[in-house]
Amino acid sequence: MTRTRLLLLLVMGALIAAFFAFDLGRYLNLGALQARQAQLSVWVEGNFALAALLFLLVYVLSTALSLPGASLLTLGGSAVFGVGWGLLLVSFASSLGATLAMLSARFLLRDFLLREGVKARFGDKLTQFEQGMAKDGAFYLLSLRLIPLFPFFLVNLLMGLTPIRVGTYYWVSQLGMLPGTFVYVLAGSELATLTSTGNILSPGLMVALTLLGIMPLLMKQLMKRLALRRLHAPYRKPERYDYNLLVIGAGAGGLVTSYIAAAVKAKVALIEQRSMGGDCLNTGCVPSKALIRAARFAAEQRRAAELGFTPSQSRADFAAVMARIALVIKAVEPHDSIERYQGLGVECIQGAARLISPWEVEVNGRRLSSRHIVIATGARPRVPSLPGLAEVPYLTSDSLWQLRAAPRRLLVLGGGPMGCELAQSFALLGIPVSLVELADRLLPREEPEVAALLQAQMEEDGVQVLTGWRVERVESGNLGEIRLHLSRDAERMMIEGDQLLLALGRVANVGGFGLEELGVTLAAGGTLAVDGFLATNYPSILAVGDVAGPYQFTHVAAHQGWYAAVNALFAPLKCFRVDYRVIPTATYTSPEIARVGLNQGEARARGIPFEATRFPLAELDRAITDGDRQGFVEVLTVPGKDRILGATIVGTHAGERLAEFVLAMGQGLGLRKILATVHAYPTLMEANKQVAGRWQQAHQPLRLLPLLARYHAWRRGA
1 MTRTRLLLLL VMGALIAAFF AFDLGRYLNL GALQARQAQL SVWVEGNFAL
51 AALLFLLVYV LSTALSLPGA SLLTLGGSAV FGVGWGLLLV SFASSLGATL
101 AMLSARFLLR DFLLREGVKA RFGDKLTQFE QGMAKDGAFY LLSLRLIPLF
151 PFFLVNLLMG LTPIRVGTYY WVSQLGMLPG TFVYVLAGSE LATLTSTGNI
201 LSPGLMVALT LLGIMPLLMK QLMKRLALRR LHAPYRKPER YDYNLLVIGA
251 GAGGLVTSYI AAAVKAKVAL IEQRSMGGDC LNTGCVPSKA LIRAARFAAE
301 QRRAAELGFT PSQSRADFAA VMARIALVIK AVEPHDSIER YQGLGVECIQ
351 GAARLISPWE VEVNGRRLSS RHIVIATGAR PRVPSLPGLA EVPYLTSDSL
401 WQLRAAPRRL LVLGGGPMGC ELAQSFALLG IPVSLVELAD RLLPREEPEV
451 AALLQAQMEE DGVQVLTGWR VERVESGNLG EIRLHLSRDA ERMMIEGDQL
501 LLALGRVANV GGFGLEELGV TLAAGGTLAV DGFLATNYPS ILAVGDVAGP
551 YQFTHVAAHQ GWYAAVNALF APLKCFRVDY RVIPTATYTS PEIARVGLNQ
601 GEARARGIPF EATRFPLAEL DRAITDGDRQ GFVEVLTVPG KDRILGATIV
651 GTHAGERLAE FVLAMGQGLG LRKILATVHA YPTLMEANKQ VAGRWQQAHQ
701 PLRLLPLLAR YHAWRRGA
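According to our numbering, the sequence shown is numbered sequentially starting from 1.
Hint data in this document are derived by calculation from the structure and do not stem from the laboratory. Note that the structure is predicted; figures quoted are calculated from it, not measured. It cannot be assumed that every hint is accurate.
Think about it this way: if two alpha-carbon atoms lie no more than 20 Å apart in a straight line, the pair counts; the simulated SDA-like pairs of lysine to any residue are [to be verified]:
| id | residue 1 | residue 2 |
| --- | --- | --- |
| 1 | Lys574 | Asn537 |
| 2 | Lys267 | Ala320 |
| 3 | Lys673 | Thr683 |
| 4 | Lys267 | Ser369 |
| 5 | Lys289 | Thr4 |
| 6 | Lys641 | Thr683 |
| 7 | Lys267 | Asn244 |
| 8 | Lys330 | Ala320 |
| 9 | Lys267 | Gln342 |
| 10 | Lys267 | Lys330 |
| 11 | Lys289 | Gly693 |
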């Protein structure tokens with residue numbers, strides 16, 4: 001705690017203690033006020049300005065310190081100053097005092113709570129709450145101020161923990177407390193006849209004020225309904241529906257959504273224009289991992305001497321490698337096939353879908369209606385606006401898999417996960433590769449140390465890594481070669497190759513099937529804008545996967561699919577907000593990089609305190625026997641506690657080994673539980689237990705150890 005916070009706390013504590021020590025509360029009861037009313041009125045009449053100032057200061061101070069007696073001060077204000085002046089003074093004093101109380105709570109508690117506990121544990125929910133307060137905080141505060149049953153001092157405390165603006169807090173408090181203040185001021189004008197402050201608010205008046213309090217929220221809901229009615233006005237809602245759910249797109253998100261809907265016996269149709277399985281099966285996860293498998297075999301051959309073998313002279317047959325990738329896709333296809341999903345109860349429709357209303361889709365000349373529609377149209381490779389790019393042939397993650405002849409030199413734009421995986425794989429197959437990344441390092445979302453480790457390995461594998469370079473233009477040479485003209489500050493460079501691969505991320509597929517005509521809202525990043533329940537601005541239209549964001553991972557699309565199906569089929573009876581608290585990621589390079597939760601850079605950026613515990617794989621028995629000693633396991637925990645904030649694994653099979661930490665974080669298990677779990681020996685998974693052991697070693701009960709030494713000495717008779 002800073003000195004300023006401590007000083008403020010001491011001052012507030014001293015004032016509150018003085019209030020009770022000198023029994024100042026005896027002046028703030030109805031009898032004392034009635035006995036001194038005449039005397040106070042005379043004094044106020046002769047010293048009005050001074051009396052008004054003193055009253056204002058006392059009221060502000062008592063409200064700011066949340067002292068009892070605000071209602072008596074309100075009665076006294078009107079009793080001695082009159083209804084008009086009493087209302088004016090009390091209204092401003094109560095609002096100023098409430099604002100000071102809110103600021104004190106924010107100054108003393110908000111940073112401490114957010115940094116030490118709440119933000120670390122409830123980061124996503126807290127973010128949603130803060131976003132809601134930033135958008136609708138005035139509505140919530142006004143409702144709380146108008147409802148007399150809710151203690152005002154508690155409102156001040158809670159609002160101090162929100163990001164509501166001070167100016168907004170003041171004017172809403174001024175407005176919201178006015179009706180209740182007016183009731184008390186009127187009662188104060190008849191002070192002599194009052195027998196109890198409890199008689200001021202009758203049950204009927206309490207109900208009236210409470211109804212007035214919920215009026216802003218009711219008005220907000222009414223405005224929302226009116227806006228939705230205007231949105232639906234151009235379209236006629238069907239009286240009967242062909243389906244409970246229509247899903248557009250048969251990638252991971254669409255497949256899971258339709259499967260869940262069919263599993264609960266809803267009538268569901270799945271519409272796909274091209275191939276079942278989407279990008280993941282046909283151009284993404286499956287083919288890229290098949291390529292990586294071939295590349296790792298090539299890397300193993302290079303290390304033959306380390307394992308006691310004569311170095312292999314075999315070379316990759318590029319056409320055969322690519323042919324095997326096609327066979328792998330064929331082998332996985334049945335898992336996502338039309339036959340399988342129709343067997344599960346999903347009607348599969350091949351064709352291009354177009355939305356023609358919030359409840360209707362046109363496909364193959366047929367108009368199909370559904371209570372809800374789920375958009376799962378995925379994304380496509382991002383193609384930058386580079387001078388000359390349109391005049392040269394280039395590859396993307398979609399077209400790459402058609403290659404059968406090995407490039408003489410491959411140029412890769414993009415140093416994210418996709419670019420690094422593909423560049424390293426091609427290099428291990430014996431193809432010269434140059435990778436260009438605009439940022440000053442690879443994998444900008446990972447720790448600099450991790451990026452540097454990967455870059456060193458990629459360069460050892462034969463990749464020319466050019467970070468911090470900008471592509472100024474692309475051109476084609478006389479012999480068909482592709483030239484990239486690069487710049488970095490005052491430096492200039494030209495590199496060339498015969499194939500150019502764009503690996504610059506993906507763009508959501510939101511155009512060409514009716515969303516623009518309907519006016520479905522887009523988010524800033526070009527995805528569909530969805531709420532926490534995956535609904536667009538049309539409640540009947542939901543979205544999942546890459547087209548919805550916020551992550552572009554197959555496993556996140558599948559994760560969202562469950563929520564989309566349940567929310568579409570069972571709203572408004574039951575809805576679930578999507579849980580993004582524990583999302584694992586993996587980059588399948590060598591070394592492999594996997595992470596869940598925070599890394600050190602993200603924790604520092606968000607102001608979340610942490611302890612970092614690391615175990616190097618060079619010390620793991622199984623890593624030593626396998627000759628794969630590169631990498632580490634690092635876990636971030638809450639200071640002094642074993643609760644996991646994030647875990648990063650760098651090394652062989654990192655993606656598989658991450659699952660234990662994903663489970664632990666999702667189920668609220670700490671490092672002590674991992675340490676108490678029996679792991680088979682010798683396995684790579686033991687590294688997770690080893691890092692838990694290192695954390696425990698750093699948190700030994702040091703004060704208890706000398707006592708234990710004495711105890712054992714006593715047991716020996718020493």
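Going down the list of hints, with the structure as the test:
no., hint, verdict
1, Lys574 / Asn537, "holds (19 Å)"
2, Lys267 / Ala320, "violated (44 Å)"
3, Lys673 / Thr683, "holds (18 Å)"
4, Lys267 / Ser369, "holds (11 Å)"
5, Lys289 / Thr4, "violated (56 Å)"
6, Lys641 / Thr683, "violated (27 Å)"
7, Lys267 / Asn244, "holds (5 Å)"
8, Lys330 / Ala320, "holds (15 Å)"
9, Lys267 / Gln342, "holds (12 Å)"
10, Lys267 / Lys330, "violated (29 Å)"
11, Lys289 / Gly693, "violated (33 Å)"
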